[in-house]
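**Student:** One-letter residues, chain by chain:
Number of protein chains: 2
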Amino acid sequence: MTDYILGIDIGGTNTKYGLVDRKGNVVNEGAFATHAHEKIEIFLKELKKHVLPKLEGKSVKGVGIGAPNANYFDGTIKQAANIVWGDDVPLKKLIEDLLGLPAVLTNDANAAAMGEMKFGGAQGMKNFVVFTLGTGLGSGLVVDGKVVYGHSGFAGEIGHVSVNPDGRYCGCGRRGCLETYVSATGIKKTVFKMMADYTRPSVLRDVSYNAMSAEMITNAAKDHDYIAIKAFEYTGQIFGQKLADTVVHSSPEAIFLFGGLVNAGDYLMDPATYYMEKFMFKPFKKSVKLVPSSLMDRNAAVLGAAALGWEEIDKDKVIA
Amino acid sequence: MTDYILGIDIGGTNTKYGLVDRKGNVVNEGAFATHAHEKIEIFLKELKKHVLPKLEGKSVKGVGIGAPNANYFDGTIKQAANIVWGDDVPLKKLIEDLLGLPAVLTNDANAAAMGEMKFGGAQGMKNFVVFTLGTGLGSGLVVDGKVVYGHSGFAGEIGHVSVNPDGRYCGCGRRGCLETYVSATGIKKTVFKMMADYTRPSVLRDVSYNAMSAEMITNAAKDHDYIAIKAFEYTGQIFGQKLADTVVHSSPEAIFLFGGLVNAGDYLMDPATYYMEKFMFKPFKKSVKLVPSSLMDRNAAVLGAAALGWEEIDKDKVIA
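Taken in order, these protein sequences are the chains called A and B. Note that our numbering has the first sequence beginning at 119, numbered continuously upward. Note that our numbering has the second sequence beginning at 119, numbered continuously upward.
Hints in this document: simulated from the structure, not taken from any laboratory. Some clues are possibly wrong.
As the list claims (entries may be wrong) - Restraint-style ranges between C-beta atoms, simulated for each label pair:
#: 1; chain 1: B; residue 1: Asn143; chain 2: A; residue 2: Glu395; range: 44 to 54 Å
#: 2; chain 1: A; residue 1: Lys211; chain 2: B; residue 2: Gly285; range: 41 to 51 Å
#: 3; chain 1: B; residue 1: Ser405; chain 2: A; residue 2: Gly285; range: 33 to 43 Å
#: 4; chain 1: A; residue 1: Glu159; chain 2: B; residue 2: Ser405; range: 23 to 33 Å
#: 5; chain 1: B; residue 1: Lys196; chain 2: A; residue 2: Pro208; range: 41 to 51 Å
What the hints assert, rightly or not - Simulated crosslink set (DSS-like; lysine-lysine; CA at most 25 Å straight-line):
#: 6; chain 1: A; residue 1: Lys196; chain 2: B; residue 2: Lys196
#: 7; chain 1: B; residue 1: Lys244; chain 2: A; residue 2: Lys433
#: 8; chain 1: A; residue 1: Lys196; chain 2: A; residue 2: Lys166
Said to hold, decoys possible - Chain B regions said to be covered by chain A (calculated; three or more residues, Cβ under 8 Å):
#: 9; region: 208 to 220
#: 10; region: 259 to 267
#: 11; region: 284 to 294
#: 12; region: 353 to 367
Glycine included, every Cβ here is placed at the ideal spot set by N, Cα and C.
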């Protein structure tokens, strides 16, 4: 009988789940609305309703959960911007009690890193970094084969290194954090700056701030839209510079990029690679691969959450 | 009979050594000129002459070596700026053959981190960073109780994150690296900038660039010299900002500062702490200790090199 881990990825809008075997095959997938702005009891009720029937007749060894602002050490979610269930929600314990299975929790970017290592392009790698370019910019560091949690459990918040202390206002309360430039939201802000700076016509000039998406900007770039291409160049330049700084910290073998913005392909990868190499400390030049996640076309968030569960089993710790 | 590790710290000017027991007691200490700009055979001959007699009658289990640009993985020194023995010197093997003892090699900042963990203020800590403020700015990262070497063996080169891509020229060939601002050399450059920017009198205006030392700047600051105090503030501001960036990478419990510049005490620590906190990502605020190394008054370089040797014995790897 095949053993499975239940992988759960909790996003601000939707929660995805699936049963993942040791090889990364996913069965009994599904999704439901997170109800992030209601009481957590609603979320738990929905989770039970959707997931419990999918466990029947399966050998499920445990649960791996990825969520924003989740802390691996104490199993809680702290002050997440898009999930308002409370300041310090003991999610690991709540789900363990609900499903009667041992669980492990980490933030979504750490889960992505674990997924890349177990099932993706980082298989066999000991040192790498994953960036998730979504609404914000998440990151997961792997050093010597293990996800870095640090003293606090919150290591890998590279989206909050400073690009410019007088720069764009960030949701974290400071100014000029990397994620205000490099993320779906960041490139949208950059498009608005470019529309102010340049006189060129652009299809994007017909779209309001609230209506604009990273996908529209990507499509415009593919149609040779000057403003969109400039916005990708600007994004890639800032990203590349900061990637070079990340490399001198932990000396990764590769950096994986994940998220919708990565669908822009060379429009993002070319300037990011160019500026990463331009600003790279000499001993690391031409030695770090910058590549899209190989899980882009798969259920990466669920795979990552489940990979975390398998990791715990293999080190015989939380889940046994 | 007490067991010892021979600790050797190779600097651009002098090489220091000593026998270090498990508790960090040092005996048979000594030093000799490195002859860094002559052939390596001269260094090896000097090493043998000074060190071999010190090993007689002692139970020495192995050798720990700290040196600039040393690579832990392959035991070589690569293109060190101040030691011109060649591009790729197999120092670990040369010393093993010379002394007939197993050896392990790493760079001086990694050795300092290991020393802090085994014998200094980081005892019991699992996640911390050590910065060595000397001619340049070295750094050693410890994650989950282990020094981070990364994929290349050269992780922890935080002295080469970018402060300003159009800034001061760096020995590494780029511009605006952190070590061009935060190091003994960096603060000297800053004093010259401050003498240009301000009209205030200063004892430092009587000293040439080549004659000026970090110690003179420290002494001037202690005498309430305006230029010297401004230079420390400028140094501390840039350092503090970048410390906040380091914290979001690896989430250390503490950051230890080592080197002559740290003797300036509050003139450096106050602005560095103030700006680290000012730029700190909220979840880490007031949670990271910034403190001088507790090995400042001891033979820290030799302790660090020896700590590396003890670490290898304890994990039963290179030295057995």
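**Student:** Determine for every hint whether it applies to the structure shown.
**Tutor:** Consistency of the hints with the structure:
For the pair Asn143/B and Glu395/A, the beta carbons lie near 48 Å from each other, so the given range of 44 to 54 Å is met. A hinted range of 41 to 51 Å for the beta carbons of Lys211/A and Gly285/B is consistent with their spacing of about 50 Å. Checked against the given bound of 33 to 43 Å, the beta carbons of Ser405/B and Gly285/A, roughly 25 Å apart, lie outside it. For Glu159/A paired with Ser405/B, a C-beta distance near 32 Å keeps the hint of 23 to 33 Å intact.
At roughly 49 Å, the beta-carbon separation of Lys196/B and Pro208/A lies within the given 41 to 51 Å, and the hint holds. Between the alpha carbons of Lys196/A and Lys196/B the distance comes to roughly 45 Å, so the proposed pair goes past 25 Å and is violated. For a cut-off of 25 Å, the pair hint linking Lys244/B to Lys433/A stands: about 19 Å separates their Cα positions. About 23 Å separates the Cα atoms of Lys196/A and Lys166/A, which keeps this hinted pair within 25 Å; it holds.
Against chain A, the region 208 to 220 of chain B contributes 0 residues with a C-beta closer than 8 Å to a partner C-beta. That does not satisfy the three-residue criterion, and the hint is violated. Using a Cβ-Cβ cut-off of 8 Å, 6 residues of the region 259 to 267 of chain B lie near chain A, which meets the minimum of three, so the contact claim holds. Closer than 8 Å: that is the beta-carbon criterion, and the region 284 to 294 of chain B has 3 residues meeting it against chain A, so the requirement of 3 holds. With a threshold of 8 Å between beta carbons, the proposed coverage of the region 353 to 367 of chain B by chain A holds, since 6 of its residues qualify and at least three are required.
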